[in-house]
Amino acid sequence: MINITSSEKENIVVSGKSVFRDVIIKNELGLHARSAAQIAKLVQNSKAAVWIKRGDEKADASSIVDILTLACEKGSTITIIIEDPADIDILKAIAEMVESEFGE
Amino acid sequence: MSEPTANELILKGINASPGICIGKAYLVDKEGVDVVEKYYIQEDKREAEIKRFKSAVKRAQDELRSIVDNSPEELQQANILETHMALLKDKMLYGKTLTIIDSEHVNAEWALKTVVSNLKSIFQTMTDSYLKERASDIVHVSDLIMRNLVGAKTQDIAAIDKRVILVARDLSPADTSQINLERIMGFITDRGGKASHTGIIARSFEIPAVVGLENATTTIKSEDLIIVDGNTGTVIIHPNEETLVEYEEQKIRYEEYKAVITRESHVQATTTDGFRMEVMANIELPEEVVAARNYGGDGIGLYRTEFQYMNRPEFPGEDELFESYKDVVEVMGAKPVTIRTLDINGDKALVNSYGYDEVNPVLGLRAIRYCLKKPDIFKIQLRAILRAAAFGNVRLMFPMISAYFEIQLAKKILDEAAESLLKDGLPFKRDIDIGIMIEVPSAVITADLMAKEVDFFSIGTNDLIQYALAIDRGNKRVAYLYQALDPAILRMLKHVADVARDKGIKVFMCGEMAATPHHIPILLGMGMDELSTNPQSIPVVKRVIRSIKLEETHPFVADALKQTTAKNVFKLVRDTYGEILADHTYSGSFKLDQ
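For the protein sequence lines, the chains are A and B, in the order given.
Read in the numbering used here, the first sequence has 48 at position 48, and its numbers run on one by one without any break.
Here the numbering used here runs 1000 ahead of the position in the second sequence, where the first position is 1.
I should point out that these hints are in silico values taken from the structure, not numbers from a laboratory.
Keep in mind the model is a prediction, meaning the values are calculated, not measured.
Think of the CB as a built atom: it goes at the ideal place given N, C-alpha and C, for glycine as much as any other residue.
Check before you lean on any hint, since a few could be wrong.
What the hints assert, rightly or not - Derived lysine to aspartate or glutamate pairs resembling EDC-like cross-links, with alpha carbons at most 20 angstroms apart:
#, chain 1, residue 1, chain 2, residue 2
1, B, 1096, A, 60
2, B, 1429, B, 1416
3, B, 1373, B, 1347
4, B, 1091, A, 83
5, B, 1091, A, 28
Stated by the list, open to error - A few chain A residues facing chain B, derived, Cβ under 8 angstroms:
#, residue
6, 42
7, 56
8, 58
9, 63
Take these sequences, add in the hints, and give me the full structure.
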């Protein structure tokens, strides 16, 4: 059901229906309004809730404001969580965006 | 007194507009939107309230959309505006506000304010200052909704049925243009300086104003009794009875003085030995031309043109500029109108601009530098000026010239503007006097080179003092160094005046220095051909000139130039001209610059 390549496997954790993936924020500005907006836009079409977790705090990834309240500066680790495996492509896309430093 | 009053409290700020008023405070919220009221919404009205909020958001979206559509090249900006559009509908902002309207039965403004203050406090607790600043996007967006929601903020101010003293963080041109000034006794703001928009408006409407108070809005509450002394820059909250009596008397004295001086404002400013000094007006808004005439201005020595470029989504068109320049030129008739070209970084002035933030904008891309970089924008203004020149006596002035080539380039663009007007068959006048502002030390020291290219110099002391003495005008900690009478400044003025005389061109002064009575003997002695001040200072400047003998100012200036400190220069002025100045000016105005 979930289409994960072997190289991705080490990063992705599946627990029940939820799928987790950790990424490190690398861009200079951290998660600011513009990058948060890019994430929120991707999440618009998700089947179920998508979360960004940092430490103990969890933000609704469809809300720019909520993402901003996590205060993710450069170097912080975030966990992307999807509640429905069908949203795996969204998870991958977010991870990719973070890795590519939001094209900044 | 029957009721126990709170302790008298004195705040010191910048005296932006003279006069004294005593009255009740009216507080305007810092966003420029009136203090948000809270009220409950009946169940049957709740749907309508929700709809009202939604349509405000819709209008805000449309506003952003049109800005995005109109800025195809500025991709960077479009990008952040897209983000703002997404933020408008963000569930933590939009969704939460709707939830609060629905669950707490409050009005939309209050619900939005609640949501935003909560968010702000979250961001405030973040440690990284950079992270904190991210809240600014949210604040921008919520301000935008609030503006569209309230819309009637000015009605609120206009609806005041008694005269009040307006207390605000800062007032934008948009705010001031919508206020019913008839109801305003005085202005008090946390921000701004003498040249702030509030200051200019207050002076042109002769409303006392104290600005730059920093914490007025947090100290003063609506309905507090306050005294505004615009002569000294003092605000007194909860004055006791003695203070009230004292200020009532001062107010009467000041008004009598003003009446006398205004009566004789149309008399020429001729020294006792027959030298006629032209005393001109500095204006910013076209409407101020009326004040310039009423106060006896011999012309417009500085017409600042920034106002039309500020706080709007796009630059003004040529016709709009032309119409306002023409208005001013026609009112002044044969008297000269000195139009200064754009003196800001235009891109930053636009509403919703997210241009490159300069660490040090005063030393950055502004004024002539900006215009030379954007010849297309510059040419629009130059065309408008040349067209207006056909209707009267126009002089053109370039600001912030720091190098010779800038004059050549500016004149080249001026020629191109003239050629294009010729091609378009529009009436204009190219044969006008062209001058430059002398406000950068490099222009002072190369004045002899600059003189070859121009018909006049106009010394802008506000900036010159700042650049020459390396003082940030807004930095209170070094403000004590900001002295117009500093020996360095006097020598620079002398140099520029000497070069101008030598090269056969005119030398003027615009800027606060020319508006200060005790500087007049020095400026006369240096050989200034014209002084230009805010319209309200013209009568007193003229009056002082009429009481001085030009011949005597020459040895006096020679003496002044030998002084080693500003303080000593000041003492010399006081010892030589103290009596004349005391007789002819309002007592409060004779003091060393602070």
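Tested hints:
no., hint, in the structure
1, B/1096 / A/60, "holds (13 angstroms)"
2, B/1429 / B/1416, "holds (13 angstroms)"
3, B/1373 / B/1347, "holds (11 angstroms)"
4, B/1091 / A/83, "holds (19 angstroms)"
5, B/1091 / A/28, "violated (27 angstroms)"
6, 42, "violated (12 angstroms)"
7, 56, "violated (15 angstroms)"
8, 58, "violated (13 angstroms)"
9, 63, "holds (5 angstroms)"
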